[in-house]
Amino acid sequence: MKQTILKSFSLFLAVLMFSFQTFAFSTKTSTAITENEIQSVIGFDESEIYTAFAEVSDLDQYLAQNDGVTYTDIDQENNTLLTGISSSTTLPFSASSDELVLGIPSFFWGCVFGWVGLLVVYLVLENKEQTKKALYGCIASTVVSVVIYVAVFAAAATTTTTYTY
Amino acid sequence: MAKKFLIISFFCILFIGAFSQSSYRLKADITIKIRNRDSTFQYTKGVVRYDRNIKKVIYNISFPQKEIYVSADTTIFKYQNDKLISKQGSPLKPEFSIFHFILNNDISDFGLRNSSYKATNVEKTDDMIITKWTAPIAPNFPLGNIIVSSKNKRLQSVVIQDKKGVILSRQIFKKYTFINGIEIPTEILAVNYFGGSKSYQIIQFDKILINEPGHDSDYNFVTEKK
Chain A
1 MKQTILKSFS
11 LFLAVLMFSF
21 QTFAFSTKTS
31 TAITENEIQS
41 VIGFDESEIY
51 TAFAEVSDLD
61 QYLAQNDGVT
71 YTDIDQENNT
81 LLTGISSSTT
91 LPFSASSDEL
101 VLGIPSFFWG
111 CVFGWVGLLV
121 VYLVLENKEQ
131 TKKALYGCIA
141 STVVSVVIYV
151 AVFAAAATTT
161 TTYTY
Chain B
1 MAKKFLIISF
11 FCILFIGAFS
21 QSSYRLKADI
31 TIKIRNRDST
41 FQYTKGVVRY
51 DRNIKKVIYN
61 ISFPQKEIYV
71 SADTTIFKYQ
81 NDKLISKQGS
91 PLKPEFSIFH
101 FILNNDISDF
111 GLRNSSYKAT
121 NVEKTDDMII
131 TKWTAPIAPN
141 FPLGNIIVSS
151 KNKRLQSVVI
161 QDKKGVILSR
171 QIFKKYTFIN
181 GIEIPTEILA
191 VNYFGGSKSY
201 QIIQFDKILI
211 NEPGHDSDYN
221 FVTEKK
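Protein chains in written order, with my numbering: chain A, 1 to 165; chain B, 1 to 226.
Quick caveat, the hints were computed from the structure, so don't treat them as lab data.
From the three backbone atoms N, C-alpha and C, an ideal C-beta is built for every residue, glycine too.
Check before you lean on any hint, since a few could be wrong.
[Said to hold, decoys possible] Computed Cβ-Cβ distance ranges for the label pairs, DEER-style:
no., chain 1, residue 1, chain 2, residue 2, range
1, A, Leu-13, B, Arg-37, 51 to 57 Å
2, A, Ile-148, B, Tyr-176, 33 to 39 Å
3, A, Asn-66, B, Ser-197, 30 to 36 Å
4, B, Asn-152, A, Ser-87, 37 to 43 Å
5, B, Ser-197, A, Ala-54, 16 to 22 Å
6, B, Lys-175, A, Ala-151, 54 to 60 Å
7, B, Arg-37, A, Val-116, 22 to 28 Å
8, B, Lys-153, A, Ala-155, 57 to 63 Å
9, B, Lys-124, A, Tyr-136, 41 to 47 Å
10, A, Leu-13, B, Arg-113, 37 to 43 Å
11, A, Glu-35, B, Asp-218, 45 to 51 Å
[Said to hold, decoys possible] Just so you have them, the derived chain A footprint on chain B, three or more residues with Cβ under 8 Å:
no., stretch
12, 38-49
13, 130-139
14, 214-222
Only chain A is shown next, with the shape it has when bound in the complex:
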């Protein structure tokens, strides 16, 4: 009896030690700054961004010289300056019509936060396409939840049947 208790206790300690080591390792890896992360934060190619805006340099100059002109004014005078430029306003760090709420795909907003995520996407973006994606995410998470529920329920029922026999 005493031997069994000692063996069980030793086994418990071994498992405990192993899990502590695993936990310590996972903590270290999640907080350590990797070489990739250092490169991602310091090795940023700015020229890529400036090049992306080369097409609007003419509009830059025009607006600098003509303070207070609007999109409609330019459209009537020299609309070649407005090629590919939207007539809608955007605010800094906000979600534009093409962007996502906090950079997170709308599908995941719906999938993770359910109807609340759907509401966030609808209110922040005011974009039908993105709201639809959030709705699909919401539906997908509901379907997965139902499937898991049915599977667990079926497994429980099978287990009960086994006990009956």
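Could you slot chain B onto chain A? The hints should help.
What follows is chain B alone, placed relative to chain A:
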């Protein structure tokens, strides 16, 4: 001699500290350029005002249309010809905006010190300090860790990851100017990643004015219900 030096240093620190504490109001010309994933552009120009005591960001937009946007609490109000056109929810409160960080002199750590993020690692490479801010452990928290680099107490760049460590956004803060005891980046470059595609953003500030006297109503735009 050493005593004199200490006294002068003490008063200098006190003077700079008092200066930075007293910065409560900011006005600047602002230009926001976005290149969307489909290579279309959004171009916005105007004047931004922010008073950290009032906590409202007010954008007087001149291009593409003459409009006023007011960000107050979690709502953005849009006005045209003094009429409220729309209002929509915003996850970004004015006290978490870059304007608040600038006036509070919190820009060096991207304002993360006063957030639920925790600095879990710091590394030095040459003259750069890189800090890893670990996301709060909450099952529904949407973002992952944030890596911040700074140089001479000036925020240089920020990388925002998702929970799996995939980069969502990279931002560079540059062309600093020192006004009224506070460091102000006058250009911010950003890239946002969406799987295989990305969008770019440039935000520029010009004609920055700190603590503009008077004009109280311009900083406290009274929003009304639609």
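Results for each hint:
1. Leu-13/A with Arg-37/B: 51 to 57 Å: Holds, at about 55 Å.
2. Ile-148/A with Tyr-176/B: 33 to 39 Å: 52 Å, violated
3. Asn-66/A with Ser-197/B: 30 to 36 Å: 33 Å, holds
4. Asn-152/B with Ser-87/A: 37 to 43 Å: 41 Å, holds
5. Ser-197/B with Ala-54/A: 16 to 22 Å: 19 Å, holds
6. Lys-175/B with Ala-151/A: 54 to 60 Å: Because 57 Å falls inside the window, the suggested range holds.
7. Arg-37/B with Val-116/A: 22 to 28 Å: Holds: the Cβ-Cβ distance is about 26 Å, inside 22 to 28 Å.
8. Lys-153/B with Ala-155/A: 57 to 63 Å: 58 Å, holds
9. Lys-124/B with Tyr-136/A: 41 to 47 Å: 46 Å, holds
10. Leu-13/A with Arg-113/B: 37 to 43 Å: 41 Å, holds
11. Glu-35/A with Asp-218/B: 45 to 51 Å: 48 Å, holds
12. 38-49: Our answer is that it holds, as 8 residues pass the Cβ test (under 8 Å) against chain A, meeting three.
13. 130-139: It holds, with 3 qualifying residues against the three required.
14. 214-222: violated (count 0)
Hints 2, 14 from the earlier list are contradicted by this structure; the remaining hints agree with it.
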